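Colleague: Take the sequences, apply the hints, and build the full model.
Number of protein chains: 2
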Amino acid sequence: MYSKRFTTYLLLLCFCCFPLYAQYKTTTPINFIVVFVDDMGYGDLSSFGHPSIHTPHLDQMVQEGQQWTNFYVGASVCTPSRAALLTGRLPVRNGLMSDRFRVFFPDSKNGLPASEITLAEQLKKAGYAAHIVGKWHLGHRKAYLPTNHGFDTYFGIPYSNDMDFVPRPDLQSSYWELWKVHHDKLKTTDFHVPLLRGTTVVERPANQNTLVQRYTDEAIKIIETHQQDKQPFFLYLAHNLPHVPLFVSEGRKGKSKNGLYGDVVEEIDANVGRIIEALKENKMDKNTLVVFTSDNGPWLQTKHLGGTAGMLRDGKGSTFEGGMREPTIFWGPGIIQPGRISALGTTMDLFATFSAIAGVALPKDRILDSYDLSPTLFSKKSGKRNEVFYYRERELYAVRVGAYKAHYITKGGYGEFPLTVHDPPLLYNVDEDPAERFDIATQHPDVLKKIEQVVKAHKAQLHMPEDLLKDRDKSYNNLQNSKR
Amino acid sequence: MYSKRFTTYLLLLCFCCFPLYAQYKTTTPINFIVVFVDDMGYGDLSSFGHPSIHTPHLDQMVQEGQQWTNFYVGASVCTPSRAALLTGRLPVRNGLMSDRFRVFFPDSKNGLPASEITLAEQLKKAGYAAHIVGKWHLGHRKAYLPTNHGFDTYFGIPYSNDMDFVPRPDLQSSYWELWKVHHDKLKTTDFHVPLLRGTTVVERPANQNTLVQRYTDEAIKIIETHQQDKQPFFLYLAHNLPHVPLFVSEGRKGKSKNGLYGDVVEEIDANVGRIIEALKENKMDKNTLVVFTSDNGPWLQTKHLGGTAGMLRDGKGSTFEGGMREPTIFWGPGIIQPGRISALGTTMDLFATFSAIAGVALPKDRILDSYDLSPTLFSKKSGKRNEVFYYRERELYAVRVGAYKAHYITKGGYGEFPLTVHDPPLLYNVDEDPAERFDIATQHPDVLKKIEQVVKAHKAQLHMPEDLLKDRDKSYNNLQNSKR
Numbered sequence: 001m002y003s004k005r006f007t008t009y010l011l012l013l014c015f016c017c018f019p020l021y022a023q024y025k026t027t028t029p030i031n032f033i034v035v036f037v038d039d040m041g042y043g044d045l046s047s048f049g050h051p052s053i054h055t056p057h058l059d060q061m062v063q064e065g066q067q068w069t070n071f072y073v074g075a076s077v078c079t080p081s082r083a084a085l086l087t088g089r090l091p092v093r094n095g096l097m098s099d100r101f102r103v104f105f106p107d108s109k110n111g112l113p114a115s116e117i118t119l120a121e122q123l124k125k126a127g128y129a130a131h132i133v134g135k136w137h138l139g140h141r142k143a144y145l146p147t148n149h150g151f152d153t154y155f156g157i158p159y160s161n162d163m164d165f166v167p168r169p170d171l172q173s174s175y176w177e178l179w180k181v182h183h184d185k186l187k188t189t190d191f192h193v194p195l196l197r198g199t200t201v202v203e204r205p206a207n208q209n210t211l212v213q214r215y216t217d218e219a220i221k222i223i224e225t226h227q228q229d230k231q232p233f234f235l236y237l238a239h240n241l242p243h244v245p246l247f248v249s250e251g252r253k254g255k256s257k258n259g260l261y262g263d264v265v266e267e268i269d270a271n272v273g274r275i276i277e278a279l280k281e282n283k284m285d286k287n288t289l290v291v292f293t294s295d296n297g298p299w300l301q302t303k304h305l306g307g308t309a310g311m312l313r314d315g316k317g318s319t320f321e322g323g324m325r326e327p328t329i330f331w332g333p334g335i336i337q338p339g340r341i342s343a344l345g346t347t348m349d350l351f352a353t354f355s356a357i358a359g360v361a362l363p364k365d366r367i368l369d370s371y372d373l374s375p376t377l378f379s380k381k382s383g384k385r386n387e388v389f390y391y392r393e394r395e396l397y398a399v400r401v402g403a404y405k406a407h408y409i410t411k412g413g414y415g416e417f418p419l420t421v422h423d424p425p426l427l428y429n430v431d432e433d434p435a436e437r438f439d440i441a442t443q444h445p446d447v448l449k450k451i452e453q454v455v456k457a458h459k460a461q462l463h464m465p466e467d468l469l470k471d472r473d474k475s476y477n478n479l480q481n482s483k484r
Numbered sequence: 001m002y003s004k005r006f007t008t009y010l011l012l013l014c015f016c017c018f019p020l021y022a023q024y025k026t027t028t029p030i031n032f033i034v035v036f037v038d039d040m041g042y043g044d045l046s047s048f049g050h051p052s053i054h055t056p057h058l059d060q061m062v063q064e065g066q067q068w069t070n071f072y073v074g075a076s077v078c079t080p081s082r083a084a085l086l087t088g089r090l091p092v093r094n095g096l097m098s099d100r101f102r103v104f105f106p107d108s109k110n111g112l113p114a115s116e117i118t119l120a121e122q123l124k125k126a127g128y129a130a131h132i133v134g135k136w137h138l139g140h141r142k143a144y145l146p147t148n149h150g151f152d153t154y155f156g157i158p159y160s161n162d163m164d165f166v167p168r169p170d171l172q173s174s175y176w177e178l179w180k181v182h183h184d185k186l187k188t189t190d191f192h193v194p195l196l197r198g199t200t201v202v203e204r205p206a207n208q209n210t211l212v213q214r215y216t217d218e219a220i221k222i223i224e225t226h227q228q229d230k231q232p233f234f235l236y237l238a239h240n241l242p243h244v245p246l247f248v249s250e251g252r253k254g255k256s257k258n259g260l261y262g263d264v265v266e267e268i269d270a271n272v273g274r275i276i277e278a279l280k281e282n283k284m285d286k287n288t289l290v291v292f293t294s295d296n297g298p299w300l301q302t303k304h305l306g307g308t309a310g311m312l313r314d315g316k317g318s319t320f321e322g323g324m325r326e327p328t329i330f331w332g333p334g335i336i337q338p339g340r341i342s343a344l345g346t347t348m349d350l351f352a353t354f355s356a357i358a359g360v361a362l363p364k365d366r367i368l369d370s371y372d373l374s375p376t377l378f379s380k381k382s383g384k385r386n387e388v389f390y391y392r393e394r395e396l397y398a399v400r401v402g403a404y405k406a407h408y409i410t411k412g413g414y415g416e417f418p419l420t421v422h423d424p425p426l427l428y429n430v431d432e433d434p435a436e437r438f439d440i441a442t443q444h445p446d447v448l449k450k451i452e453q454v455v456k457a458h459k460a461q462l463h464m465p466e467d468l469l470k471d472r473d474k475s476y477n478n479l480q481n482s483k484r
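Chains as they are written, first to last, in the working numbering: chain A, 1 to 484; chain B, 1 to 484.
Heads up, a few of these hints could be off.
If chains are identical, the list can't say which one is meant, so a pair holds when it fits in one copy or spans any two.
What the hints assert, rightly or not - Calculated cross-link-like contacts (lysine to any residue; reagent style SDA-like; alpha-carbon spacing at most 20 Å):
no. : residue 1 : residue 2
1   : K124      : D372
2   : K142      : D471
3   : K255      : S382
4   : K283      : I220
5   : K180      : R437
6   : K283      : E224
7   : K253      : S342
8   : K381      : H54
9   : K303      : I440
10  : K255      : T420
11  : K185      : I440
12  : K255      : S342
13  : K384      : S52
Bear in mind the hints are in silico, worked out from the structure with no lab data behind them.
Values in this document were obtained by computation on a predicted structure and should not be read as measured data.
Modeller: So, in structure tokens, the structure goes:
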């Protein structure tokens with residue numbers, strides 16, 4: 001009798017602990033959608049504390065999914081952050097961090113090396129289709145474009161939406177003045193940014209007012225295609241907004257209480273809602289994992305046109321929390337267990353996580369900086385990641401180990417305060433003090449010693465490659481090596 | 001046929017627009033519970049953006065109720081803020097704002113004048129019972145205690161929990177040093193704060209480790225009593241935490257990721273959850289309106305022991321948003337319509353709101369600063385309040401009209417930056433720029449003119465009474481005029 005009851009308990013226990021996803025594992029493959037927005041800060045969604053931006057669709061995803069409050073990017077600016085997400089590796093490992101330029105420009109010569117394995121290429125091994133809609137920014141010469149990096153289709157702009165500015169005689173001003181003083185006068189035609197399909201320019205200048213909607217239309221078409229052909233897919237939807245210059249569709253102008261920036265964020269929110277709706281309509285909501293996050297913190301130097309990192313310190317460009325901790329949501333009803341997650345995670349972890357879910361072995365010929373987050377997603381188990389490396393240029397500025405973060409070097413996001421080397425490093429407990437206000441280095445020499453060991457082990461297996469961002473040449477400008 | 005369908009539509013329309021509450025109006029009276037916490041900042045709940053404090057019970061109330069993101073207190077420090085809530089009037093109208101002292105101290109002579117009508121007295125007119133559990137801080141001499149201000153019962157401490165400090169020879173330090181350096185060494189017995197029941201001291205020093213739980217026990221007893229006697233009630237539950245010194249019950253120590261401050265906030269959260277649970281168990285959740293808010297912003301000068309205002313500027317003591325905008329939740333399933341509310345509201349509005357719901361006419365012999373928020377609560381109608389007055393000491397420092405806020409005077413919360421008079425005033429759009437970073441006065445002379453008119457009209461009906469906070473006398477110390 002006792003033994004029978006014991007067996008029942010055991011069975012019940014197994015059943016309860018069994019990851020939610022297990023029931024799908026042998027039946028339906030999981031699709032992956034990553035919505036990666038540009039320059040949105042930790043505090044820019046209502047569910048992350050913004051008082052006047054209203055993001056009901058993303059907030060609903062928070063309610064139904066997991067809200068990650070300690071989720072990081074691989075770098076605090078565009079190009080290296082995107083490289084990190086797609087390769088599962090710190091960008092310092094593949095040359096996409098530089099001492100000279102922080103991102104690719106229209107006259108940059110290089111791109112993500114062909115030797116890198118992108119998430120698209122990785123998931124292909126399990127028969128996934130792969131699509132990118134939106135901003136690439138990993139090299140715009142033909143060899144470097146997404147369709148040469150494992151993506152089946154590409155619809156989007158090749159670099160940032162503020163590049164290719166066509167000088168306006170009436171706007172004689174510095175870069176920063178442009179945003180502070182003249183933003184109202186800017187038109188989408190002032191930026192000669194190309195819109196590509198595959199490797200072909202289909203519109204130039206891209207009409208940026210309608211891109212959020214058009215990207216979403218494209219994404220929905222992709223969802224519908226795979227509802228038909230039943231092929232599992234990876235969709236990387238990288239909105240180039242709310243990066244300045246800010247543009248919204250006609251109907252959205254002045255709709256938010258937060259000004260133009262709020263209008264843009266609310267348009268993105270509504271369009272993420274359309275994606276969720278399309279998944280539901282196509283009955284793919286139970287086998288699709290959607291991740292929402294941002295490529296780096298808010299661009300504070302663009303003043304009222306930039307977002308906010310909430311209580312986190314500094315923003316884009318900086319290795320303080322505001323530069324690299326992002327508002328992150330995992331959504332997938334029936335796949336992941338809803339809740340608020342304080343485990344550490346990074347965009348680089350998507351590589352190992354998606355690989356594990358899709359059943360693809362990780363490459364063994366290179367160092368990855370990627371942890372499988374699926375135990376946390378499926379059953380809220382504590383994660384394996386215990387450290388975050390905050391690189392800037394080609395230097396390790398800061399390291400987080402558990403709750404503690406040591407800053408070896410600090411510098412303002414875009415140079416508002418100078419480079420300072422700290423010896424001993426600054427030490428913050430970023431769980432107790434997320435705003436990084438109170439240096440506690442003198443109280444915790446033991447913690448500093450432990451972090452120093454982590455750094456030593458990390459540096460021992462780091463081989464700095466050639467700087468691929470440094471080479472620029474006017475003759476490579478304007479996509480001349482892409483067929484238009 | 002058409003006419004019949006039209007009538008059906010009309011009836012349906014009427015039904016839909018009919019406030020939810022209407023169905024209760026003639027049947028069951030609504031009870032009111034105000035949970036008023038001490039020194040908690042705008043950013044201290046997970047649902048208001050805190051990354052490492054976890055407040056699932058309050059977050060659940062946000063989900064089921066209304067989250068107000070533009071809700072203010074009547075003053076940025078304790079005594080005047082409490083007076084404002086209980087009287088529905090700016091404290092500058094009744095002498096509880098001073099040029100010398102900002103709050104009552106144990107040797108203060110005065111208290112809230114008997115001529116003031118408290119919410120307790122007001123609701124009595126409709127047959128309500130009234131109870132206060134927690135911190136009073138509106139005068140501790142017998143004549144001023146809550147039971148002489150309309151409350152039937154009182155269980156709590158008469159002033160702040162950091163008062164009556166018994167000098168410790170081993171802690172030779174300034175007030176600020178006490179929190180920064182010695183907090184770990186402080187014991188609940190170091191503060192000779194009395195705990196009263198009615199006008200009688202029942203414990204001294206109050207054991208502050210268990211107060212949150214004991215206050216909640218008392219509140220639940222009150223709920224159960226009125227479940228029995230069916231008398232409608234107003235319960236003012238004013239936790240004296242997370243004001244420093246921070247104390248938690250044994251089981252809570254070290255439980256949060258945010259250190260001692262997080263432990264305290266999470267203990268309050270769990271205990272608010274107990275109140276909601278008790279309402280459900282007693283089947284009073286459908287006819288009780290619960291309001292949660294804080295008396296002022298976080299006490300930033302207590303460093304790692306204080307909370308955070310999130311992205312809002314400054315904290316307690318200041319007339320920047322961080323000092324006076326509070327994380328506010330209205331909960332009452334079946335009474336109020338859930339949602340995120342951007343309408344302006346203040347604690348003073350509870351007076352007119354509760355009066356309207358209880359059916360009590362507002363007093364006509366005095367000026368109130370109170371708007372009835374019930375149309376927003378019942379049917380999310382836009383509110384009538386369009387302005388907020390930010391007083392400090394006896395001066396009008398700032399005024400918000402719609403989205404715009406003009407600062408005539410600024411000063412740091414506790415003197416970290418000096419008093420500055422602004423002429424022309426600083427002007428912020430606090431919807432577009434909640435962090436008050438960008439002065440736009442020169443761009444909007446029209447707005448400044450409009451605000452100036454509001455100020456003129458306001459000042460024309462303001463008669464400054466005697467300063468009741470200025471009188472202190474050691475001989476009045478230690479509750480000697482209260483029977484112990």
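Colleague: Give me the numbers of the hints this structure contradicts, sorted from smallest to largest.
Modeller: Number 10 only.
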